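*Asks:* Given next are the chains, with one letter for each unit.
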Amino acid sequence: MANHQATGTAGALPGRDGWRSVVTDVSSDQRAFKDVPWGKPMMWIFLLSDTFIFGSFLISYMTVRMSTTVPWPNPSEVFSLHMFGQNVPLLLIAIMTFVLISSSGTMALAVNFGYRRDRRMTAILLIATAALGATFVGMQAFEWYKLISEGVRPWGNPWGAAQFGSAFFMITGFHGTHVTIGVIFLIVVAVKVVRGDLDRERRGFLTGRRGNYEIVEIMGLYWHFVDLVWVFIFAFFYLW
Amino acid sequence: MEHAGEPHATQDAEPTGSHAHGQQHPLGVYFKIWGLLFVLSAASYAVDWYQLQGLLRWSLIILFMLLKAGLIVAVFMHMLWERLALFYAIVVPPLLLITLIGIGALEAGYTFLSRGTFFAPTAEEQQRPAH
Numbered sequence: 001m002a003n004h005q006a007t008g009t010a011g012a013l014p015g016r017d018g019w020r021s022v023v024t025d026v027s028s029d030q031r032a033f034k035d036v037p038w039g040k041p042m043m044w045i046f047l048l049s050d051t052f053i054f055g056s057f058l059i060s061y062m063t064v065r066m067s068t069t070v071p072w073p074n075p076s077e078v079f080s081l082h083m084f085g086q087n088v089p090l091l092l093i094a095i096m097t098f099v100l101i102s103s104s105g106t107m108a109l110a111v112n113f114g115y116r117r118d119r120r121m122t123a124i125l126l127i128a129t130a131a132l133g134a135t136f137v138g139m140q141a142f143e144w145y146k147l148i149s150e151g152v153r154p155w156g157n158p159w160g161a162a163q164f165g166s167a168f169f170m171i172t173g174f175h176g177t178h179v180t181i182g183v184i185f186l187i188v189v190a191v192k193v194v195r196g197d198l199d200r201e202r203r204g205f206l207t208g209r210r211g212n213y214e215i216v217e218i219m220g221l222y223w224h225f226v227d228l229v230w231v232f233i234f235a236f237f238y239l240w
Numbered sequence: 001m002e003h004a005g006e007p008h009a010t011q012d013a014e015p016t017g018s019h020a021h022g023q024q025h026p027l028g029v030y031f032k033i034w035g036l037l038f039v040l041s042a043a044s045y046a047v048d049w050y051q052l053q054g055l056l057r058w059s060l061i062i063l064f065m066l067l068k069a070g071l072i073v074a075v076f077m078h079m080l081w082e083r084l085a086l087f088y089a090i091v092v093p094p095l096l097l098i099t100l101i102g103i104g105a106l107e108a109g110y111t112f113l114s115r116g117t118f119f120a121p122t123a124e125e126q127q128r129p130a131h
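Those protein sequences? They're chains Z and P, same order as listed. Under UniProt numbering, think of the first position of the first sequence as 1, with each following residue one higher. Under UniProt numbering, think of the first position of the second sequence as 1, with each following residue one higher.
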């Protein structure tokens, strides 16, 4: 038993004993995932349910787009910005993508510095992640404003298939909501880090339990998931 | 007296050990993946910039998308280092979504064909003599 206790150490993959470890975990009558802090599978299960929600959105979007006989607006033109005397396709979307990926990078570093118990760096990186997330939401608000002023509505738009508007507002709206909640969640965790709650394992808001640096990783999972969803939206909504 | 044996001693020691370290990996891993995500995003943007069309566009978009998603889940979300049971519990259900996507695509294709047949005047003209 002791040989596969070595989880989460730096470097190479820990010995997982293949299927034997799966059977041991699943047949366990205590905790299904040995050595995994309870909050982590809980967050993963929530993210799995969210995967199905976004999956349903993208599948219904695919269905309406494939089945409409009315031409679909060209996203490359719709989301272009007039800059430097010419129309640059998908410029805002490209910047938003880079901002969100950067926030994923700073988040991953924040988790790392959290486990190093470097409070200062963890807090700085969490705040940076929140700032990038807020920047993303701001740009999305600008995108919505631009499209609404051009006449896009959930029931129609000037360029073709009416379903374009409903799919756009539904999918990006739901994603933007997730980013906004994530920014709030990041700020809450950053405050905990700054106050030293995680070092002292102080009971507190949002967890009600003794907090430690695992919460940084668990909220990181949520944040990376938001980035992950954007990867699919970017491919299927903006590049299709 | 049996409780003083070695297995228990290691079991007691381990949770605190993993508690302190958590998912602790060299920083370089994150910077490399971060850079790679930038490159892949730039590549998928280039697909639109150069207005590639058809099968080439589709295969490139999906390839870059899957690579980005895989890197985020594997490294940033530490799936690479998680227990195999957790990995399967999380990764298998989304694979089932592919079935739903397939059903949706079939249904949408059928709807599109029906609409073409019954609503588009030209298609209607072509259908008539067959009856």
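Worth flagging that the hints you see were computed from the coordinates, not collected in a lab. Remember, it's a predicted structure, so these values are computed and weren't measured experimentally. Be careful, since some hints might not be right.
To be verified - Pairwise CB distance ranges (calculated):
1. Z/R210 with P/R115: 33 to 43 angstroms
2. P/P26 with Z/F142: 35 to 45 angstroms
3. P/K32 with Z/L91: 56 to 66 angstroms
4. P/G70 with Z/S49: 41 to 51 angstroms
5. P/V92 with Z/G151: 36 to 46 angstroms
In this text, a Cβ means the ideal position worked out from N, Cα and C, and glycines have one as well.
*Asks:* Looking back at the hints listed earlier, which ones does the structure fail to meet?
*Replies:* 1, 3 and 4
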